[in-house]
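The opening position of the sequence shown corresponds to residue 1 in full-length UniProt numbering, with each subsequent residue numbered one higher.
Among the hints, erroneous ones may be present.
What the hints assert, rightly or not - Pairwise CB distance ranges (calculated):
(1) Gly126 with Ala75: 21 to 31 Å
(2) Cys116 with Asp17: 33 to 43 Å
(3) Glu85 with Gln12: 33 to 43 Å
Said to hold, decoys possible - List of simulated lysine to any residue pairs, SDA-like, C-alpha gap at most 25 Å:
(4) Lys19 with Pro51
(5) Lys22 with Gln12
(6) Lys22 with Lys35
(7) Lys110 with His99
(8) Lys19 with Ser43
(9) Lys19 with Arg46
(10) Lys29 with Asn93
None of these hints come from the bench; they were simulated from the model.
From the three backbone atoms N, C-alpha and C, an ideal C-beta is built for every residue, glycine too.
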Amino acid sequence: MVSEGLELPLDQLPPIDKKDIKILPMCWKNPVTGKLALQIHPSAIRAIHLPDGSQMTDLGEVRELVHRLQRPAIAPKYIYAHDWEEGDLVLFNNQGVIHSVVGAFGPSEKRLFRQCNLASSEGVMGPDGTLYE
1 MVSEGLELPL DQLPPIDKKD IKILPMCWKN PVTGKLALQI HPSAIRAIHL PDGSQMTDLG
61 EVRELVHRLQ RPAIAPKYIY AHDWEEGDLV LFNNQGVIHS VVGAFGPSEK RLFRQCNLAS
121 SEGVMGPDGT LYE
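Sequences and hints are given; from them, build the entire structure.
Below, the structure written as structure tokens:
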């Protein structure tokens, strides 16, 4: 799956300031636990920078690699589908959980999602301990 024809061309999207584009490792180290987590945003990734300095830029190849890497974590045995009820609150570690919207809403129901970010003065830690700002 590259786009299924559902994505807007880049020239139809709001402009992106180049300084806001970050190149980060795919694997992040939790500075407290030392555990590694695969951290890929499959809907935003456009290229993969390889260790030898080259880049994988074919969107089909990029998405196929990302899918292969994420597939084990999205196996049915790891999926939690929440059956929402009024007053529910779900908290999760955004750097350790893949999350998405799936339908369990009636035609008259609306999804309200509030996100709380705890800002950090430190950047992302790569698997080797390097900090990426």
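Enumerated hints in conflict with the structure, sorted upward: Failing hint: just 2.
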